[in-house]
Amino acid sequence: MTTANKEVNELIKREYEHGFVTDIEVDTFEPGLNEDVITRLSEIKKEPQFMLEWRLKAYRRWLEMEEPDWAHLGYERIDYNDISYYSAPKRKEDMPQSLDEVDPELLRTYERLGIPLHEHAKLAGVAVDAVFDSVSVATTFKEPLAKAGVIFCSISEAVRDYPELVQKYLGTVVPHTDNFFAGLNAAVFSDGTFVYVPKGVRCPMELSTYFRINAANTGQFERTLIIADEGSYVSYLEGCTAPMRDENQLHAAVVELIALDDAEIKYSTVQNWYPGDENGKGGIYNFVTKRAACIGKNSKVSWTQVETGSAITWKYPSCILRGEGSVGEFYSVALTHNYQQADTGTKMIHLGKNTTSTIISKGISAGKSSNVYRGLVKFGPRAEGARNFTECDSLLIGDQCGAHTFPYIESLNKSAIVEHEATTSKVSDEQMFLCRQRGIDMERAVSMIVNGFCKDVFKELPMEFAVEAGKLLEVSLEGSVG
Amino acid sequence: MLSIKNLHASVEGKEILKGINLEIKAGEVHAIMGPNGSGKSTLAQVLAGNDAFEVTSGSVTMHGEDLLEKATEERARDGVFLAFQYPVEIPGVSNLQFMRTSVNAMRHHRGESEMNAAEFMKMAREISKQVDLDPAFLKRGVNEGFSGGEKKRNEIMQALMLQPKLAILDETDSGLDIDALKVVSDGVNALRAEDRAILMVTHYQRLLDHIVPDFVHVLAEGKIVKSGGRELALELEERGYAWLGIKDDETAASSAN
Chain B
1 MTTANKEVNE LIKREYEHGF VTDIEVDTFE PGLNEDVITR LSEIKKEPQF
51 MLEWRLKAYR RWLEMEEPDW AHLGYERIDY NDISYYSAPK RKEDMPQSLD
101 EVDPELLRTY ERLGIPLHEH AKLAGVAVDA VFDSVSVATT FKEPLAKAGV
151 IFCSISEAVR DYPELVQKYL GTVVPHTDNF FAGLNAAVFS DGTFVYVPKG
201 VRCPMELSTY FRINAANTGQ FERTLIIADE GSYVSYLEGC TAPMRDENQL
251 HAAVVELIAL DDAEIKYSTV QNWYPGDENG KGGIYNFVTK RAACIGKNSK
301 VSWTQVETGS AITWKYPSCI LRGEGSVGEF YSVALTHNYQ QADTGTKMIH
351 LGKNTTSTII SKGISAGKSS NVYRGLVKFG PRAEGARNFT ECDSLLIGDQ
401 CGAHTFPYIE SLNKSAIVEH EATTSKVSDE QMFLCRQRGI DMERAVSMIV
451 NGFCKDVFKE LPMEFAVEAG KLLEVSLEGS VG
Chain V
1 MLSIKNLHAS VEGKEILKGI NLEIKAGEVH AIMGPNGSGK STLAQVLAGN
51 DAFEVTSGSV TMHGEDLLEK ATEERARDGV FLAFQYPVEI PGVSNLQFMR
101 TSVNAMRHHR GESEMNAAEF MKMAREISKQ VDLDPAFLKR GVNEGFSGGE
151 KKRNEIMQAL MLQPKLAILD ETDSGLDIDA LKVVSDGVNA LRAEDRAILM
201 VTHYQRLLDH IVPDFVHVLA EGKIVKSGGR ELALELEERG YAWLGIKDDE
251 TAASSAN
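From first to last, the protein sequence lines are chains B and V.
Counted from 1, the first sequence has number 12 at position 12 by the UniProt record's numbering; the numbering is strictly sequential.
Counted from 1, the second sequence has number 148 at position 148 by the UniProt record's numbering; the numbering is strictly sequential.
Worth flagging that the hints you see were computed from the coordinates, not collected in a lab.
All C-beta atoms, glycine included, are put in the ideal place defined by N, C-alpha and C.
A hint or two may mislead.
[Said to hold, decoys possible] Pulled from the structure, derived: some chain B residues nowhere near chain V, Cβ distances all over 12 Å:
no.	residue
1	17
2	61
3	70
4	405
[To be verified] Taking beta-carbon pairs under 7 Å as the criterion, some of the chain B residues facing chain V (in silico):
no.	residue
5	434
6	436
7	439
8	441
9	443
10	449
11	455
Produce the entire structure from the sequences given, and follow the hints as far as they go.
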């Protein structure tokens with residue numbers, strides 16, 4: 001290894017900022033999974049009967065499913081009976097409360113994470129749903145949103161208050177039979193966010209959910225459902241953090257997006273789950289199924305993700321482009337360091353005429369990590385005039401990390417057009433020398449070079465979060481050069 | 001200001017510099033000439049602190065301080081500037097951001113406050129005109145897709161922004177057409193100042209028609225074999241390196257366009 005790269009590696013030694021534990025009284029299920037656990041979960045949530053039946057059906061099917069092993073990932077098998085499927089801060093009743101009733105310890109936790117929930121300190125122009133372990137603890141700006149007709153609440157509330165909408169759309173994009181982790185999620189999902197934007201409404205503010213795992217030995221299984229009715233627009237962002245623990249913890253989420261005619265959904269993720277320590281001990285196992293159905297004509301879904309956390313990331317936010325002229329976009333920055341493993345990418349399924357998709361993926365590997373882009377671009381027989389553009393770039397820091405690209409292209413339509421570009425590069429000694437010769441220290445130089453590499457993706461993030469993402473990358477790269 | 005004594009340096013175990021001695025005073029312009037492989041660029045890289053080269057013996061002091069024990073960025077902040085022969089690209093990082101980070105790193109070192117974006121932009125626009133670079137270049141990635149000449153002008157622009165104490169120019173004339181050479185030379189001449197030294201490394205004497213040096217040194221096989229004034233370069237042009245018993249792949253040191 002060259003001197004500069006050795007130093008680069010020193011610099012990437014990260015310090016995880018959000019590793020603290022909140023000391024709070026909780027109600028937690030004993031570890032283990034069976035029909036009783038699911039029934040109890042459904043009871044606590046006061047769910048209608050249809051929901052319980054839906055969960056049990058998913059559970060029975062899941063028992064017959066196999067955990068996938070096709071990803072470029074190595075980890076010890078998970079014992080699903082060793083995990084607790086519900087943990088929530090104690091409260092008088094399991095109904096959404098006003099902020100005054102929320103445990104001050106919880107409010108302090110979110111403040112520490114930079115997400116103040118109080119009326120006076122709330123993030124300007126951003127409504128937040130705060131999910132703590134298995135439950136949503138607070139949702140801000142509900143009233144102004146309601147005035148615009150936008151429903152923004154926890155999925156538990158939605159199941160109770162808007163059962164017709166939930167029943168109509170839940171599981172239509174990601175059915176419980178889709179894959180092992182989606183099946184598990186359907187059986188045990190505990191909370192998450194629900195958004196409905198009515199016809200012709202442009203959501204007046206950014207919506208966001210902040211997911212926090214706190215309890216030990218608990219899995220987080222959130223479920224998010226966003227429906228953009230005809231001609232509507234919504235921009236949604238999720239952030240995630242967890243304490244530093246030696247044990248691995250499972251996070252298996254499902255996100256479903258539905259865009260009707262002329263609707264647009266912009267979905268951004270800044271994922272910073274605890275990645276494990278520098279020896280690869282601990283960290284979150286992040287097995288997530290995210291998919292959008294562009295049902296309507298000229299609908300559009302844009303996924304932007306910045307993935308810096310988790311010991312393992314298994315995640316392929318996808319678009320099913322059914323509506324004529326619908327548009328799918330995927331912009332991704334995935335950074336792995338130490339022993340982190342990421343197998344991430346997207347699927348763009350072109351079914352309708354003149355559908356278009358764009359994929360820009362930037363993978364950054366450092367330390368002894370492994371970073372995989374896996375993507376599928378598929379054109380159905382009726383996808384006349386459809387086209388895709390894909391660009392996959394990998395950046396290596398040091399010489400002990402790996403970057404792999406697995407692009408799959410399937411076309412059943414001769415008129416489809418695919419463009420694919422891929423590059424692999426390194427933070428070179430020459431680049432470092434140039435920066436340092438101009439008085440820029442190594443840490444700053446690496447973060448500048450990496451940020452430059454990610455520029456095409458960062459510019460897709462909502463303004464407030466683009467800065468945040470840049471900073472997060474900087475923190476994640478701390479210690480990568482000396 | 002700069003004192004190089006018996007400097008030896010190698011790369012990958014191969015000795016390139018075999019005892020360089022050189023004294024440079026503030027206000028002076030020195031030219032180092034020599035055939036390919038003589039060690040000219042190595043000298044420039046070693047002075048700037050490239051880790052790829054190992055200094056095996058000798059000393060370099062600047063303003064009485066040991067330069068060799070300082071890290072690359074510390075040398076830069078103390079005023080050592082290297083205009084690269086082959087400036088590397090940094091995709092996605094705008095030239096403007098790069099230069100502003102650099103200027104502010106220097107200011108921070110001097111205990112001055114950072115320059116804000118507006119102030120910086122004003123300065124950058126003025127200097128870009130001085131080296132005949134369209135201000136649009138400021139928004140492009142560092143050296144990204146620049147032509148050879150544009151890269152060289154970009155280097156001189158950075159020297160003008162940073163106002164170093166010691167400017168080392170590594171083959172700044174190579175690959176330039178006559179017009180670009182004129183622009184670059186004007187830029188370098190604008191750098192000449194009583195408190196600044198300039199060390200130019202060049203294969204050809206034609207650069208010295210535009211930037212007239214106070215001293216010329218001829219480097220061969222890692223050593224300075226002859227030093228003189230401006231006239232030494234002219235004599236070299238006329239008689240070739242062979243005159244000094246030096247082998248040169250290219251027949252003469254005369255300007256070849």
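I'd like to know which numbered hints this structure contradicts. Please list them from smallest to largest. 9
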